[in-house]
Amino acid sequence: MEPINSLRPAVWNAGDERDFSSWDQHRDTLRCLYLDEGCSLKTIKHKMEAEHGFPLYRLKDYETVFREHFHFRKNLEQKDWESIAYRIEERRKKGKASVVYLGNKALTNKKVQRGTRQFISTGNNQPKTNLSHPLNPRIRIKTPPPRPADIAGGSATDVQDGSIAPAQVLATLKSTPHSVQPYAAASNHQVADASPQSALHKPLPANAHSETILEYKAIPNNQYGSDAQNYGFQSSAPRITLPGIGSILSKPLDDGQKPSSSRYSEFPTEQSYNHGTGNRKRLITHSTTTRATGVLPLRLSANSSWQTPPTIVNVSMFPEPASALAYVPLDLSSGTVGYLSTTTPSQPLEKLLLVTRSFMQGKFQPGSLASSDIENPALVQKQICEIERWYNDFNPGFDLLGKQKVPEAFRIFQRCFEGTRKIIKPEYPFTMIFVCHQAIRCAYYDRIGRNMSKFLLKHVAELCQVFLGVHHPLSVIADGLARMDIFEFALCIGPFMDHYSDALEPFLEKSEMALGELSGSRGLGISLMEGTGMLGLYEAKPRLDVATRKARERGLSTLHLQIETAAMLQRNKFLNEALAIILELRQSKEGQANPYQFFYSGVILTHIFRSMKNYDGQIRVLYEMVDSLSASSANDDEMQLTFSYKVYMEIRQSSLLLVLGWLMEALRKMGRTDEADRVRIRYDEAVENPI
Numbered sequence: 001m002e003p004i005n006s007l008r009p010a011v012w013n014a015g016d017e018r019d020f021s022s023w024d025q026h027r028d029t030l031r032c033l034y035l036d037e038g039c040s041l042k043t044i045k046h047k048m049e050a051e052h053g054f055p056l057y058r059l060k061d062y063e064t065v066f067r068e069h070f071h072f073r074k075n076l077e078q079k080d081w082e083s084i085a086y087r088i089e090e091r092r093k094k095g096k097a098s099v100v101y102l103g104n105k106a107l108t109n110k111k112v113q114r115g116t117r118q119f120i121s122t123g124n125n126q127p128k129t130n131l132s133h134p135l136n137p138r139i140r141i142k143t144p145p146p147r148p149a150d151i152a153g154g155s156a157t158d159v160q161d162g163s164i165a166p167a168q169v170l171a172t173l174k175s176t177p178h179s180v181q182p183y184a185a186a187s188n189h190q191v192a193d194a195s196p197q198s199a200l201h202k203p204l205p206a207n208a209h210s211e212t213i214l215e216y217k218a219i220p221n222n223q224y225g226s227d228a229q230n231y232g233f234q235s236s237a238p239r240i241t242l243p244g245i246g247s248i249l250s251k252p253l254d255d256g257q258k259p260s261s262s263r264y265s266e267f268p269t270e271q272s273y274n275h276g277t278g279n280r281k282r283l284i285t286h287s288t289t290t291r292a293t294g295v296l297p298l299r300l301s302a303n304s305s306w307q308t309p310p311t312i313v314n315v316s317m318f319p320e321p322a323s324a325l326a327y328v329p330l331d332l333s334s335g336t337v338g339y340l341s342t343t344t345p346s347q348p349l350e351k352l353l354l355v356t357r358s359f360m361q362g363k364f365q366p367g368s369l370a371s372s373d374i375e376n377p378a379l380v381q382k383q384i385c386e387i388e389r390w391y392n393d394f395n396p397g398f399d400l401l402g403k404q405k406v407p408e409a410f411r412i413f414q415r416c417f418e419g420t421r422k423i424i425k426p427e428y429p430f431t432m433i434f435v436c437h438q439a440i441r442c443a444y445y446d447r448i449g450r451n452m453s454k455f456l457l458k459h460v461a462e463l464c465q466v467f468l469g470v471h472h473p474l475s476v477i478a479d480g481l482a483r484m485d486i487f488e489f490a491l492c493i494g495p496f497m498d499h500y501s502d503a504l505e506p507f508l509e510k511s512e513m514a515l516g517e518l519s520g521s522r523g524l525g526i527s528l529m530e531g532t533g534m535l536g537l538y539e540a541k542p543r544l545d546v547a548t549r550k551a552r553e554r555g556l557s558t559l560h561l562q563i564e565t566a567a568m569l570q571r572n573k574f575l576n577e578a579l580a581i582i583l584e585l586r587q588s589k590e591g592q593a594n595p596y597q598f599f600y601s602g603v604i605l606t607h608i609f610r611s612m613k614n615y616d617g618q619i620r621v622l623y624e625m626v627d628s629l630s631a632s633s634a635n636d637d638e639m640q641l642t643f644s645y646k647v648y649m650e651i652r653q654s655s656l657l658l659v660l661g662w663l664m665e666a667l668r669k670m671g672r673t674d675e676a677d678r679v680r681i682r683y684d685e686a687v688e689n690p691i
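Read in full-length UniProt numbering, the sequence shown has 93 at position 93, and its numbers run on one by one without any break.
For the record, the hints were derived by calculation from the structure and aren't laboratory data.
Careful, some of the hints might be misleading.
[Unchecked claim] Straight-line Cα separation of at most 30 Å, BS3-like style, residue types lysine-lysine; simulated pairs:
#1 K47 <-> K93
#2 K93 <-> K510
#3 K47 <-> K573
#4 K405 <-> K550
#5 K45 <-> K403
#6 K403 <-> K105
#7 K550 <-> K403
#8 K79 <-> K111
#9 K60 <-> K94
#10 K510 <-> K573
#11 K403 <-> K425
#12 K105 <-> K79
#13 K105 <-> K550
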């Protein structure tokens with residue numbers, strides 16, 4: 001008997017009765033490929049045969065079925081042009097320019113003018129009749145992206161059927177239709193400061209030069225003495241040059257090349273780890289867990305994107321198992337770091353380490369305000385939640401930047417930069433750790449030629465100079481990091497973060513919460529560096545193992561570190577090992593009692609299922625996450641008092657919109673378009689009525 005899935009072409013001969021059952025079964029998928037994605041018939045034929053086991057029909061069979069059986073039409077009808085003409089003129093009255101999108105493709109101005117010409121009166125340029133009947137769902141009318149010089153002060157509005165998206169909506173997910181803006185900030189997520197804008201954040205006019213010169217009077221902080229001014233990082237002149245965002249956007253794109261992802265026969269463990277260079281072993285010290293690493297709702301790491309992220313250069317930056325930290329001797333057993341005693345680090349790094357010690361000793365003097373604040377759990381919670389919010393506000397921008405939607409991304413970053421002063425002025429001890437993690441995430445996107453990491457660090461340095469003083473240690477540290485090129489930054493950022501954490505840790509002994517956050521930060525840094533190519537897997541995995549062991553020995557939670565480990569394994573295709581870690585964590589009482597970590601583990605679980613091509617499992621987990629985020633606050637009073645719960649509530653709204661976007665994308669890829677449309681309605685409701 002001939003097998004059902006025969007590779008013989010299913011030819012329809014003249015006069016034969018045609019069986020459309022296989023076509024009808026895949027109608028939604030075919031419609032999505034042909035109309036929504038605008039694929040050619042040849043591309044559709046290849047995808048259907050390779051990915052869905054579709055019979056080998058001829059191209060002309062596809063054309064016949066689409067035209068006669070499904071009645072698919074790529075070209076617009078007269079009534080569609082009538083609706084477009086009416087809405088364009090209504091927007092013109094309000095002073096709004098318009099770009100018409102058919103599916104995901106923008107129509108040229110010439111085509112729009114030709115299609116709408118017969119419906120516009122030539123005398124007063126008004127529609128001949130009221131043609132406001134419903135707009136075709138495939139059509140979207142949007143405000144065109146601003147020119148690079150306008151980007152700093154621009155605002156985006158998306159329109160469908162004449163309605164304007166809410167003002168707090170700032171960006172779009174790759175999984176969400178362009179007419180929907182998936183990142184809405186709830187009242188506690190507003191990035192822009194309510195106070196009057198400082199001179200640092202005035203929008204650039206359209207004809208502005210790429211640099212804006214700002215004057216300020218520097219007020220040195222005498223608490224730290226005058227030693228910092230001799231470290232050679234900055235000029236004593238009280239004058240700042242802030243590069244305009246427009247100047248960054250003017251640089252050409254570099255598509256970059258994805259490196260090949262190597263597979264290992266077995267993943268490394270703490271016991272098997274050895275550098276092969278004598279006694280030079282490594283120490284401890286991020287990626288998709290509590291402080292999420294990437295473009296996700298919670299400080300998610302680079303591994304949180306739908307695809308395995310490439311390194312920041314075309315080839316592996318550091319050969320396995322050597323890495324950026326090869327010259328730094330680390331003792332796995334004792335956890336000591338001999339940065340200055342047995343090696344001669346580069347001069348910039350040595351200066352940063354000296355300034356760090358000066359900063360910690362000055363800030364946490366016995367009886368100081370900072371020392372007493374660390375002992376207050378409520379204040380520590382407030383500080384960390386505020387910095388977490390700043391960190392997460394960048395996520396939608398990174399998502400857009402990864403798709404090279406630069407203007408939309410920088411529209412979000414402009415607001416994020418305005419919010420940066422909120423975490424600089426209070427001088428929180430964890431601020432510099434978060435800034436370094438954010439800079440590593442930016443370095444991942446530097447492959448498109450935007451110098452995001454340098455721009456962020458320079459911006460932070462200038463804010464430190466304004467609010468804390470030119471010679472303040474944090475100003476010196478940020479300025480020193482900003483002056484490094486990408487390779488020097490990759491070499492120095494790991495040792496610097498290790499040293500900063502080691503110098504801070506003794507002052508946190510009286511706060512278990514602060515120690516737990518510091519432990520998670522170490523893991524986050526490792527995972528971020530691995531995700532961007534600054535560390536190899538054979539180096540990062542043992543360091544995470546050591547960090548996990550040390551946290552257990554001190555009685556600290558290891559949830560964050562476990563999730564980071566699973567995320568790193570998932571990135572490197574050790575899917576079974578990653579799945580085992582995540583499932584064990586989600587089934588444990590500790591995991592279920594910490595909603596922030598539990599949600600973050602769900603994010604990693606969806607990526608694991610997707611990598612395993614278990615799309616039904618991925619969709620099931622996404623539905624569970626949506627239901628959990630949409631549910632009312634926990635009934636358990638004890639849970640509501642936990643730090644994990646408070647952080648979870650901070651990221652709840654933006655996370656819900658992000659997950660709904662992923663769910664829509666996953667459903668459409670599976671051809672479940674009706675279900676995806678219902679999810680989109682739910683998304684729109686979430687935008688209009690924040691939780």
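Status of the hints after comparison with the structure:
no. : hint          : in the structure
1   : K47 <-> K93   : violated (44 Å)
2   : K93 <-> K510  : violated (63 Å)
3   : K47 <-> K573  : holds (24 Å)
4   : K405 <-> K550 : violated (42 Å)
5   : K45 <-> K403  : holds (26 Å)
6   : K403 <-> K105 : holds (15 Å)
7   : K550 <-> K403 : violated (39 Å)
8   : K79 <-> K111  : holds (16 Å)
9   : K60 <-> K94   : violated (47 Å)
10  : K510 <-> K573 : violated (40 Å)
11  : K403 <-> K425 : violated (33 Å)
12  : K105 <-> K79  : holds (20 Å)
13  : K105 <-> K550 : violated (53 Å)
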